[in-house]
Each structure stands twice: as C-alpha cells, then as structure tokens.
Amino acid sequence: MISQVETLPVACRQVGVRYGRTQAVEEATFQVEPGQVYALLGRNGSGKTSLVRCLLGHQKPTAGRVELYGQDVWSARQALMHRVGVVAEEPDAPPLMTARQLVRFCGGLYPSWDQAGVDERLDRFRIPLDLPFGRLSRGQKGQVALALALGPEPDLLVLDDPTLGLDAVARREVYDELLGELAERGTTVFITTHDLAGIEGLADRIGILHQGRLLVDASLEDLKARHRKVSWAPSQAVAPTDLAPFAPLWSRTGSLGGEAILTQGDPSQLPGLQVHPLSLEELFVALVGEAEVAS
Amino acid sequence: MSILAVTRREWTGRRNVLLLGLGYSVLQLIGLSFESDMKIAYEKSIFMSVGVGIGLAWVIALLFGATMVSRDLEERRFGFFLNQPLHAAQIFLGKVLAGLGLALLAGLLASVPALLLGGMWRQFLLKDAGSILGIGLAGSLFLLLLFHAVSIQVRSRSLWLLLDLVTWTAFFAGVRWLSQRLMGAWAFQDLVHLWLGLLAGGTLGLGIAGYLQVAQGRADLQRGHRWVSVTLALTAGLLLLAGWVDTAWVLKHRPPVAWTSQPGNRSR
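If you read the sequences in order, they're chains A and B. Mapping to the numbering used here: the first sequence position 260 is 260, numbers consecutive. Mapping to the numbering used here: the second sequence position 146 is 146, numbers consecutive.
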C-alpha cells in the first residue's frame with residue numbers, strides 16, 4: 001500500500017538555507033497535496049527562490065529535507081525530473097537555440113512527450129520557431145518555457161514567478177494555460193509569484209514567506225474565512241478600543257473614514273461597520289506589514 | 001543518447017569556432033600559391049599546419065573549458081540542464097565531448113588541407129597521424145578540464161581559493177623537487193615518465209573534480225568550488241606521494257653516476 005507521504009507531490013520538512021552568515025530560509029515546513037495549486041508568496045529577498053532551488057534539487061538545503069513524491073529530491077533529482085515541469089524565474093534556455101531546437105532537445109530526454117500539445121501551444125502563443133531564444137521577448141521566452149515544461153505531461157509543475165515582467169495579455173495567457181492544464185490533467189502546481197490578483201483565482205493553498213520564515217501556510221479559503229475587511233464612514237466614530245475584541249490585524253483611519261482587517265468575531269455586530277470581500281493582495285499586505293512591524 | 005543531446009546543444013552555440021580552423025587553412029593555401037619553390041614551401045606549411053592545428057585545438061579546448069559550466073552558472077542558466085531528467089555525468093560528459101569534438105575538428109580543418117596538398121597524406125595517415133591526434137586530443141582534454149576547474153575557482157570568489165593556492169604551490173614545489181632529484185641522477189627518461197604520469201593522474205583528478213562540481217555543486221557555484229578544491233588537493237597529494245615513491249625507487253635501483261675523469265682521457 002502506498003502511504004500518503006509517498007504520494008505527496010511536495011513535502012518540505014524543516015528546510016533551512018544559509019549563505020555564510022545570512023539565513024535565507026529558516027525551518028520551512030509545508031506540503032502540497034496532489035492536484036493542489038500552492039502559491040508561495042513573499043517580498044523580494046524573502047527566500048522564495050532559494051526554496052524553489054532546494055525544491056528542484058539545484059541546491060542542497062543546509063538543514064532539513066525536501067521530498068517530491070516521497071523521494072529526497074537532492075539524491076533522486078534525475079528520476080524525479082521525469083515527473084516535474086519547470087518554468088524558471090529568469091528564462092534560462094540557451095540563448096542561441098531556437099524554439100524548434102529546444103523542443104527537439106527536450107523532447108528527446110523524456111520517455112513520453114506530447115509533441116502535438118507543444119506544437120499547438122507554441123502556435124497559439126505565436127512563437128517564431130526559428131528565432132534564437134535569446135532574441136525572443138520576455139513574454140515569449142516565458143511562453144516557450146511553459147510549453148516546454150508542459151511537454152512531458154508532468155505530474156508536478158513548478159513555476160518560479162512565471163509572470164514576472166509580462167504584460168497583462170501575456171499574464172492572462174499563462175494563467176489560461178494553467179487553468180486548462182488543471183482542468184484537463186489535474187496537475188499539481190507549485191508557484192511563486194508577485195502577481196497576487198492573478199493567482200487569487202487559481203490558488204488552493206497559500207504560503208507566505210517573510211524574511212526566510214514561513215509566516216502563513218493555509219488554504220486560501222481558510223485565510224479568507226479567518227480575516228474580514230471592514231470599513232466605516234468618517235461620520236462613524238470607531239475607536240481602536242471598539243475593534244479590539246475582533247483582534248485587528250491592520251487598521252487605518254483618515255479623512256475618508258477608516259478600514260481594518262479583523263481576525264476574529266463577527267464584525268457586523270458593531271454598528272456602522274461595513275464588511276467587504278477581502279482580496280489576497282490586501283491580506284498579503286496586512287500579514288507582511290504586521291510581521292514587519294513585529295520584527 | 002542524452003549525452004549526445006547535451007553535446008549537440010553545446011555545438012549549436014559554439015560551432016562558429018570551426019571557422020577559425022577553416023580560415024587558417026584557406027589563408028595557408030593562398031600563401032602557398034605565391035611560393036616559388038613548392039617543395040620547400042610544402043614542407044614548411046606541413047610543419048606549420050600541424051603546429052597550428054594542435055595549437056588551435058588546445059586554445060579552443062582551453063576557452064571551452066573556461067566557459068562550459070562556469071559561465072552558465074554565473075549567468076544563472078545552468079538550471080536549464082538540471083531541470084531536465086539528466087544525470088550529472090550526462091551533463092558533464094556531454095559538455096566535455098562537445099569541447100573535445102570542436103577542438104579536434106578545428107585542429108583538423110586547420111592542418112589537413114595543407115597535408116593533403118603537400119602529398120604527405122600517406123605518411124601522415126600511416127605513420128604520424130596516431131601520435132599527432134593523440135597529442136592534440138590528450139592536450140585538449142587536459143586543458144579543457146584544467147580551465148574548467150580554474151574558471152570555477154576564479155568565478156566563485158570564495159575563500160576556498162586559499163586552499164587552491166596552497167595546493168597549486170605545494171604541487172609545483174613538489175614536482176620541482178622530484179624533478180631535480182631525478183635530473184641530479186641523470187635519470188631523464190624516468191623524469192619524462194614521472195611527468196607523463198603526473199599529467200595522466202592530473203587529468204584524471206581534474207575529470208573527477210569537474211564531475212563532482214556538477215554532481216555535488218549543481219547550481220551552487222561556491223559549493224561546486226568546494227568540491228573542486230578538495231578533490232584537487234587530494235589528487236595533488238596522491239600524485240606527489242606516488243611521484244615520491246617512484247622517484248625513491250628509481251634512485252635506489254639506479255647505478256650511481258660516475259663523475260671521475262682521468263687525465264689520460266683528456267689528452268686523447
């Protein structure tokens with residue numbers, strides 16, 4: 001019988017990464033369930049890329065262990081890469097190879113390769129197949145990388161900020177592609193991104209990394225259920241003491257009224273407060289801001 | 001097959017260096033057409049082209065070695081290989097093969113046309129080709145691996161460079177001392193054997209260090225440097241130990257050099 005641990009696409013246990021005296025990642029522990037979309041968020045320099053490098057077996061963590069499908073990724077990288085598709089933060093394909101040559105190169109390395117799917121995607125993205133990779137635009141490079149990553153029909157897709165530097169249309173195309181992949185094959189996705197609005201409709205679970213520490217590891221649904229955004233008009237006199245029972249994570253008062261993110265209780269009990277849907281971006285800013293104040 | 005895929009990928013970006021070999025060949029053939037004494041000109045051009053062919057192969061190997069992994073690492077492009085289901089040995093050997101192939105082919109392009117034109121192809125193919133190719137190939141392999149290791153050491157800018165400096169200094173000092181002892185005993189043939197042995201052992205050590213840099217260092221330049229430094233330090237130590245044992249054995253079993261000179265001999 002295969003245990004649940006063995007089938008977990010990603011399991012990070014107490015992972016630490018240190019560069020000299022700098023602790024880039026500290027005791028990060030989380031796991032990704034099959035078919036889940038896990039979004040790892042964090043400010044620049046929070047340790048996301050270091051964690052992704054450990055997750056792909058590019059770098060050995062200084063502490064802890066990263067497992068993909070129950071196998072230590074550092075020691076079983078080659079075998080595991082048959083099941084993993086990767087889109088790197090900086091498109092890293094050889095700049096002199098054309099998209100056509102890249103497809104031929106990657107296609108030859110996998111036992112099964114969805115050539116028709118790759119061709120169809122490159123065609124849909126309108127990629128010039130005979131132009132060297134280095135001469136493609138930033139968006140086109142990302143699209144080629146995504147088409148190549150989906151070529152071996154991976155069980156796990158690791159995307160390191162795939163929409164970085166992309167315009168709105170190219171970003172939409174990336175997310176549409178992911179949605180299609182999820183709907184069709186139920187691929188597990190691990191993604192790091194700064195595009196919080198874009199990922200909000202896709203992510204099942206959120207991890208927030210701040211100064212190397214995993215601040216949050218929860219389902220997006222839970223996070224939104226636990227946090228409420230409220231606002232009040234200038235005419236309403238809402239004092240900080242009024243909000244105290246609701247454990248505000250963040251609050252602001254100005255000439256246009258005030259707003260706050262509350263973490264417990266039912267704020268509708270308080271007269272004059274309006275409850276609003278909370279976006280992932282607002283939640284992220286509040287959580288990271290709170291952590292920065294605390295530190 | 002995966003090794004060849006990596007080799008092919010390396011060729012795609014660098015095959016233009018073959019033009020150097022071809023260019024030299026064409027220049028040489030043009031130069032020959034202006035010569036009046038063709039026999040002497042051909043002989044000269046044959047020596048020149050073989051020399052240039054080997055030299056070109058060595059320079060290409062050296063440049064290839066200095067960039068084949070370290071530049072990818074510095075430009076953060078090595079992840080492309082690591083994200084594919086490729087073993088570290090496949091990545092490393094694929095790159096080494098590409099470098100050797102390019103060096104060899106450029107060397108051949110530079111030298112073969114002049115050899116053929118000079119009517120030396122029979123002699124070349126039947127007699128000297130093996131040793132010339134061997135020298136070209138062995139030198140290329142050594143330089144490629146050496147400059148791969150040096151480029152990792154230089155580009156990582158880590159403190160392990162201190163160990164490297166100690167290793168290189170100790171190694172050359174040790175080789176100099178052993179060489180002096182053999183020269184002092186007029187054991188020149190044994191000296192050549194010692195150097196060839198050190199070169200072969202050094203090439204093997206550099207190969208192992210290069211492989212470990214890819215397998216254990218992966219995308220981490222500093223970690224790769226650590227593996228290179230430690231492997232080379234061990235290799236240097238082992239080679240010096242073997243060299244010392246060999247030298248001691250040679251000196252022990254060699255008859256002492258007679259320095260005595262007799263007046264009668266001088267007047268003869």
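Please keep in mind that the hints were generated in silico from the structure rather than gathered at the bench. The structure presented is a predicted model; accordingly, all values stated were derived computationally and were not measured. C-beta atoms are modelled at their ideal positions from N, C-alpha and C, and glycine is treated no differently. Please note that the accuracy of each hint is not assured.
Said to hold, decoys possible - Each pair of labels, with its calculated beta carbon distance range: (1) B:R71 with A:V275: 51 to 57 Å; (2) B:L116 with A:E184: 57 to 63 Å; (3) B:L238 with A:R65: 32 to 38 Å.
Said to hold, decoys possible - Here are a few chain A residues that sit away from chain B, every Cβ distance over 12 Å (derived from the structure): (4) G16; (5) G20; (6) V52; (7) R53; (8) G57; (9) R65; (10) V86; (11) E89; (12) E90; (13) L129; (14) D160; (15) A218; (16) L220.
Unchecked claim - Reference excerpt, derived from the structure (chain A facing chain B, CB under 7 Å, subset only): (17) H58; (18) Q59; (19) L280.
(message) Against the range 51 to 57 Å, how does the distance between the Cβ atoms of R71 of chain B and V275 of chain A compare: consistent or not?
(response) Between R71 of chain B and V275 of chain A, where Cβ atoms are some 56 Å apart, the hint holds.
(request) Could you let me know if the closest chain B CB is still more than 12 Å away from the CB of G57 of chain A? (result) The assertion about G57 of chain A is violated, with a minimum of 7 Å to chain B.
(request) Over 12 Å to the closest beta carbon of chain B is the bar; see if R53 of chain A clears it. (result) violated, 6 Å
(request) Evaluate the condition: distance from the CB of V52 of chain A to the nearest CB of chain B exceeds 12 Å. (result) violated, 10 Å
(request) Against chain B, run the beta carbon of L280 of chain A and see if the smallest gap drops under 7 Å. (result) This hint is violated: L280 of chain A lies away from chain B, its Cβ roughly 28 Å from the closest one there, beyond 7 Å.
(request) Taking the shortest Cβ-to-Cβ distance between L220 of chain A and chain B, state whether it exceeds 12 Å. (result) Holds: least Cβ distance 27 Å, greater than 12 Å.
(request) With 12 Å as the threshold, tell me whether A218 of chain A passes as away from chain B on beta-carbon distances. (result) holds, 29 Å
(message) At 12 Å, judged by beta carbons, does G16 of chain A keep clear of chain B as stated?
(response) The assertion about G16 of chain A holds, with a minimum of 15 Å to chain B.
(request) Examine each Cβ of chain B, and state whether all of them lie more than 12 Å from the Cβ of G20 of chain A. (result) Incorrect as stated: the minimum Cβ-Cβ distance to chain B is 9 Å, not above 12 Å.
(message) Checking a non-interface call: every C-beta of chain B should be farther than 12 Å from the C-beta of R65 of chain A. Is that right?
(response) The claim holds: R65 of chain A sits with its nearest Cβ about 16 Å from chain B, beyond 12 Å.
(message) Against the range 32 to 38 Å, how does the distance between the Cβ atoms of L238 of chain B and R65 of chain A compare: consistent or not?
(response) Taking Cβ atoms as reference, L238 of chain B and R65 of chain A lie about 34 Å apart, which means the hint holds.
(message) Does Q59 of chain A hold up as a contact with chain B if the rule is Cβ-Cβ below 7 Å?
(response) holds, 5 Å
When the structure is compared with the earlier hints, violations turn up for hints 5, 6, 7, 8, 10, 11, 12, 14 and 19 and for no others.
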